[in-house]
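A.B. asks: As a plain string of letters, each chain reads:
Number of protein chains: 2
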Amino acid sequence: MKAEIIAVGSELLLGQIANTNARYLSERLAGLGIDVYWHTAVGDNANRLAEIFRVALSRSDLVILCGGLGPTKDDLTRETVAGVLGLPLQADRAWEERLETLFKKLGRRMTDNNRRQALVPLGARLLFNSQGTAPGLWIEHQGRSVVLLPGPPRELEAMFEREVEPRLAGRGGGAVIISRVLKVVGLGESAMEEAIADLIDSQSNPTLAPLARHTEVHLRLTAKAADRSAAEAMLSGLESRVRERLGPAIYGAGDETLAGAVAKLLLAGGWKLAVAESCTGGLLSHLLTNSPGISASFLLGAVVYSNAAKQDLLGVKPSLLREYGAVSEETARAMAENIRRRSGAGLSLAITGIAGPDGGTETKPVGLVYIALATPEGANCRRFNFFGTRETIKERAAAAALNMLRLYLLSNNR
Amino acid sequence: MKAEIIAVGSELLLGQIANTNARYLSERLAGLGIDVYWHTAVGDNANRLAEIFRVALSRSDLVILCGGLGPTKDDLTRETVAGVLGLPLQADRAWEERLETLFKKLGRRMTDNNRRQALVPLGARLLFNSQGTAPGLWIEHQGRSVVLLPGPPRELEAMFEREVEPRLAGRGGGAVIISRVLKVVGLGESAMEEAIADLIDSQSNPTLAPLARHTEVHLRLTAKAADRSAAEAMLSGLESRVRERLGPAIYGAGDETLAGAVAKLLLAGGWKLAVAESCTGGLLSHLLTNSPGISASFLLGAVVYSNAAKQDLLGVKPSLLREYGAVSEETARAMAENIRRRSGAGLSLAITGIAGPDGGTETKPVGLVYIALATPEGANCRRFNFFGTRETIKERAAAAALNMLRLYLLSNNR
Numbered sequence: 230m231k232a233e234i235i236a237v238g239s240e241l242l243l244g245q246i247a248n249t250n251a252r253y254l255s256e257r258l259a260g261l262g263i264d265v266y267w268h269t270a271v272g273d274n275a276n277r278l279a280e281i282f283r284v285a286l287s288r289s290d291l292v293i294l295c296g297g298l299g300p301t302k303d304d305l306t307r308e309t310v311a312g313v314l315g316l317p318l319q320a321d322r323a324w325e326e327r328l329e330t331l332f333k334k335l336g337r338r339m340t341d342n343n344r345r346q347a348l349v350p351l352g353a354r355l356l357f358n359s360q361g362t363a364p365g366l367w368i369e370h371q372g373r374s375v376v377l378l379p380g381p382p383r384e385l386e387a388m389f390e391r392e393v394e395p396r397l398a399g400r401g402g403g404a405v406i407i408s409r410v411l412k413v414v415g416l417g418e419s420a421m422e423e424a425i426a427d428l429i430d431s432q433s434n435p436t437l438a439p440l441a442r443h444t445e446v447h448l449r450l451t452a453k454a455a456d457r458s459a460a461e462a463m464l465s466g467l468e469s470r471v472r473e474r475l476g477p478a479i480y481g482a483g484d485e486t487l488a489g490a491v492a493k494l495l496l497a498g499g500w501k502l503a504v505a506e507s508c509t510g511g512l513l514s515h516l517l518t519n520s521p522g523i524s525a526s527f528l529l530g531a532v533v534y535s536n537a538a539k540q541d542l543l544g545v546k547p548s549l550l551r552e553y554g555a556v557s558e559e560t561a562r563a564m565a566e567n568i569r570r571r572s573g574a575g576l577s578l579a580i581t582g583i584a585g586p587d588g589g590t591e592t593k594p595v596g597l598v599y600i601a602l603a604t605p606e607g608a609n610c611r612r613f614n615f616f617g618t619r620e621t622i623k624e625r626a627a628a629a630a631l632n633m634l635r636l637y638l639l640s641n642n643r
Numbered sequence: 230m231k232a233e234i235i236a237v238g239s240e241l242l243l244g245q246i247a248n249t250n251a252r253y254l255s256e257r258l259a260g261l262g263i264d265v266y267w268h269t270a271v272g273d274n275a276n277r278l279a280e281i282f283r284v285a286l287s288r289s290d291l292v293i294l295c296g297g298l299g300p301t302k303d304d305l306t307r308e309t310v311a312g313v314l315g316l317p318l319q320a321d322r323a324w325e326e327r328l329e330t331l332f333k334k335l336g337r338r339m340t341d342n343n344r345r346q347a348l349v350p351l352g353a354r355l356l357f358n359s360q361g362t363a364p365g366l367w368i369e370h371q372g373r374s375v376v377l378l379p380g381p382p383r384e385l386e387a388m389f390e391r392e393v394e395p396r397l398a399g400r401g402g403g404a405v406i407i408s409r410v411l412k413v414v415g416l417g418e419s420a421m422e423e424a425i426a427d428l429i430d431s432q433s434n435p436t437l438a439p440l441a442r443h444t445e446v447h448l449r450l451t452a453k454a455a456d457r458s459a460a461e462a463m464l465s466g467l468e469s470r471v472r473e474r475l476g477p478a479i480y481g482a483g484d485e486t487l488a489g490a491v492a493k494l495l496l497a498g499g500w501k502l503a504v505a506e507s508c509t510g511g512l513l514s515h516l517l518t519n520s521p522g523i524s525a526s527f528l529l530g531a532v533v534y535s536n537a538a539k540q541d542l543l544g545v546k547p548s549l550l551r552e553y554g555a556v557s558e559e560t561a562r563a564m565a566e567n568i569r570r571r572s573g574a575g576l577s578l579a580i581t582g583i584a585g586p587d588g589g590t591e592t593k594p595v596g597l598v599y600i601a602l603a604t605p606e607g608a609n610c611r612r613f614n615f616f617g618t619r620e621t622i623k624e625r626a627a628a629a630a631l632n633m634l635r636l637y638l639l640s641n642n643r
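In order, the protein sequence lines correspond to chains A and B.
The first sequence begins at 230 in the numbering used here and counts up one residue at a time.
The second sequence begins at 230 in the numbering used here and counts up one residue at a time.
Derived from the structure by calculation, the hints contain no laboratory data.
These numbers come from a predicted model, not from an experiment.
Please note that a few of the clues may not be correct.
For identical chains, the list gives no copy identity; a pair is met inside one copy or between any two copies.
Straight-line distance between alpha carbons at most 25 angstroms, and here's what the computed SDA-like set of lysine to any residue pairs gives [as the list claims (entries may be wrong)]: (1) LYS333 <-> ALA441; (2) LYS412 <-> GLY466; (3) LYS501 <-> ARG643; (4) LYS412 <-> GLY483; (5) LYS593 <-> GLU394; (6) LYS453 <-> ASP273; (7) LYS333 <-> LEU356; (8) LYS593 <-> GLU559; (9) LYS546 <-> SER524; (10) LYS501 <-> HIS447; (11) LYS231 <-> GLY352; (12) LYS334 <-> ARG322; (13) LYS231 <-> ARG283; (14) LYS501 <-> GLY544; (15) LYS546 <-> GLU559; (16) LYS302 <-> ARG449; (17) LYS493 <-> GLY402; (18) LYS302 <-> PRO439; (19) LYS334 <-> GLY588; (20) LYS453 <-> LEU549; (21) LYS546 <-> TRP367; (22) LYS493 <-> ASP587.
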C-alpha cells in the first residue's frame, strides 16, 4: 500500500508554520506498515490543488489531505476533491444540526460558510471531529482511499487516532517500521561512539542512530518487520545490546526526562533534597519541581546570585568567598553542606559557575562550573568546563548536577 | 518567478523529523518576493527523486533541493540531479583538498564516499559550507535555476544566507511578503479580540492574525507589497494602530521574551529584585536569570516548597500558615514582604499556589495561585485561577508575576 500526504494551506508556503501534520501522520502510518512515498504542500489554490490531487490518485493507494476544511472562502479542499472525483456535494443533516446547536450555545450567528462544513461528497463517510467544527471525510473511489482531515494538529491527531487508524489497521501489508528512543547522559560523544560504533555502523535493520542534544544524546532504535510484534522483538534485542554497553549512562526512554528520572529515584528512596544554585539561576529547582508529587522530597531551593545572598541565606563565610572566590570548589562545597544542614535534607546539590556571556577571566573563563553533592557520607565536588550560550551553559550545568545525583541514588537506593 | 522546494530524506517520510527546512526557506523566499508554489518531500530513492525533479523543472523557475548531499550511499541528490540534467560530474580539486586537510586534522581516513562530496556537475557553481563537509551547488540550466543545499538546518541556513540569498536578491519580481510579530500578555483572549476584532476581520493586506500561546498571545502582522520598504511601511502603519488599541499589553516584538523585557526594565531603572516561589518551583528565577547582566539586579530567589522552608528561610509565621494556609493572600504577602526586607531589595515577588495534579481541595482547587508584589510603596496581591497541566500552571503563574512587575516598572521607572 503506497500512501501520500498532501497538506493544503498558503501559510505553509509562506513559511509561517512547519508541516508538522505530515510528520505526525508519517510516523503513525509507518507504525501501521503503510509506506509513505510522498509529502506535498500546496497553497489555497483550487487549480494547483486539483493538479496535485490528480497526480496523487495516479500513483498512490491512500491519499491523505490535511487542511482547507474550514469555513472561510480560502478553504477549498472539500470542493476541489469532490470536483476531481466527480462527486456531488450533499448536506449532512446530522452535522448541520450539530453546528446549529453549537452556534446557538455560543450565541453566534451561523453563516452559509459555516454550513459548507456539513457538505459531504456523495458516498463519503463523515469522520467525527471531537475538537472542532469541521468533520473529516473518507472516500473510497476506484480502488483508492482518500481521507480529508482538518489542519489544526489537535483536531487532526484526535480524528486520526479515533476515526482513521482503526480503519487502516491490517490494511498495511507493507513492513511495519517502529522506533524507540533511549536517552543517554554524562558520556562524551566520542566515548559513546567508541562504545557502540559497531552497532551504529553494522546494522541495516534494526538501525541505531545517535542524535546529540545540548545536554544528552538520544539513541533512536528503528526496526522494520512484517508485523508489529516482530519489530518490537528486534527493538528489544538491540536495546539489550545497547544497555549492556552503556549501562547506567542510559537514564530513560521515550518521553522520560532526566529530572523526571531523578525525581522517581528520590521518591522511591524516600530522600529529602535541598538545592543551592548560583549560575543556573533556579533552573535546577524548576526542572525537579516539574514532577508531580515531588513536594514529598524537595524541601527548598536557594538561588543565591549575589555574594550577600550566599552569606546571609547559606552562611557561606565571607573569608572563604574572599580567599577562593564565589566560583570555586570551596564555595560549592560550603553551599552544599550548609544548605543540607540548614534544611535538614539528607541530600543537597550546589552549583556555582560563570554562565556568561560576561564575567569570565583568564583563570575563571565563561563555562567554568563547580557542582557539589552533599550526602550523609560527605560532600563530593566536580569541576566542569561547559561551552555554549548563557542558556546552554545553564542547561548543561543543571543536567550535570542532576546526573551526579542520579548516579548516587542508583548506588544508594535500597 | 515560481519557486519549488524539494526535501530529500527517508527520515521525513518515516516521520522522524519535520520538514523545517521548507519552512525556513519559504519564509526567506517570501521576503525576497519569490513565490513558493510547492513543497515536496521524497525518500532516498533515485527513481522517485528523478521523477519529482523532472516535474519541478517543468513548472518552476527556481528549484531548491535540500538533503542527500552527505557521504553515505543513501545520499543521492547530487548524482540524480546531474543525471536528469545530463551533466557529467567532475571532482572539484579545491574542495577535495579542503576535505583532505580536514580529515588529516581529525586523524580520520578519508574514504571514496567522502570524496564524492567534492563532485560537481559540469558548469555548476560550488556553494561554500561553513558548517560541514558537503558543499552546495548552483546550476543554471535552460532558464531554470537549480540549487542544492545540505540537509542539516545549521548548514543549510548558513549557506542560504551567505551564498544563495545575495544571488537571488532583485530576482524576485513577485510581491514581497514579510511578517512582524507583536507579543501581548495579561489580556484575556476575548478582551483582546474585542479590542482589535475589526483590524483582524477587515484587513486583507496587511493581515493581522492572533496566535494564542499558553501564557501570551502573538499577533502576526503580514504585508504584501511591490518591494520590501513598501511592505515595511504597511507593517508599521498597522503596528501603530494595534499599539494604540492594546497599549502596554504589548510587551515586545519578534524574539523578545517577557522575562527579557522585564529584565531590561529592571536594569534601566537600577532596581534590585528578590523573589520567593512556592508552586512555580524556581521557574520565575530561571526565566529572569536567562538575561545577560541580570546579576546587577537579581539578588536572590528562594524556592520555599515546604512549610518549614517558608518559616526558616523567609520567616513566615507558623500561626499565619496555620490560620490561612500556605496558599493564601496572607502567606503570599508575608513571603514578598519578608524576602524584600531580608534581601535589602527594592522590589520583590512572591508566588504561592497549587500546581497539581494533586493537592487541590474544593475551596483551594488546582490552579489557584496568589502572587504578591512588594515595592517601596507597599505590597499588592492578586489571586488567579489558572487551568492546564502542572507545567502549564507553573508557566502561567510565572508569566503573571512577571507581568505584574512589568506594569509596575512601566509606571515607576524614571
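A.B. asks: Decide, hint by hint, whether the structure agrees.
C.D. replies: Results for each hint:
no. : hint              : in the structure
1   : LYS333 <-> ALA441 : between (51 angstroms within a copy, 24 angstroms between copies)
2   : LYS412 <-> GLY466 : within (17 angstroms within a copy, 49 angstroms between copies)
3   : LYS501 <-> ARG643 : within (15 angstroms within a copy, 45 angstroms between copies)
4   : LYS412 <-> GLY483 : within (8 angstroms within a copy, 33 angstroms between copies)
5   : LYS593 <-> GLU394 : neither (57 angstroms within a copy, 41 angstroms between copies)
6   : LYS453 <-> ASP273 : between (36 angstroms within a copy, 16 angstroms between copies)
7   : LYS333 <-> LEU356 : within (23 angstroms within a copy, 59 angstroms between copies)
8   : LYS593 <-> GLU559 : within (14 angstroms within a copy, 44 angstroms between copies)
9   : LYS546 <-> SER524 : between (30 angstroms within a copy, 20 angstroms between copies)
10  : LYS501 <-> HIS447 : neither (30 angstroms within a copy, 41 angstroms between copies)
11  : LYS231 <-> GLY352 : within (23 angstroms within a copy, 37 angstroms between copies)
12  : LYS334 <-> ARG322 : within (18 angstroms within a copy, 72 angstroms between copies)
13  : LYS231 <-> ARG283 : both (15 angstroms within a copy, 21 angstroms between copies)
14  : LYS501 <-> GLY544 : both (20 angstroms within a copy, 21 angstroms between copies)
15  : LYS546 <-> GLU559 : within (11 angstroms within a copy, 34 angstroms between copies)
16  : LYS302 <-> ARG449 : between (43 angstroms within a copy, 20 angstroms between copies)
17  : LYS493 <-> GLY402 : neither (41 angstroms within a copy, 59 angstroms between copies)
18  : LYS302 <-> PRO439 : between (45 angstroms within a copy, 18 angstroms between copies)
19  : LYS334 <-> GLY588 : neither (58 angstroms within a copy, 33 angstroms between copies)
20  : LYS453 <-> LEU549 : neither (60 angstroms within a copy, 62 angstroms between copies)
21  : LYS546 <-> TRP367 : neither (72 angstroms within a copy, 64 angstroms between copies)
22  : LYS493 <-> ASP587 : between (36 angstroms within a copy, 16 angstroms between copies)
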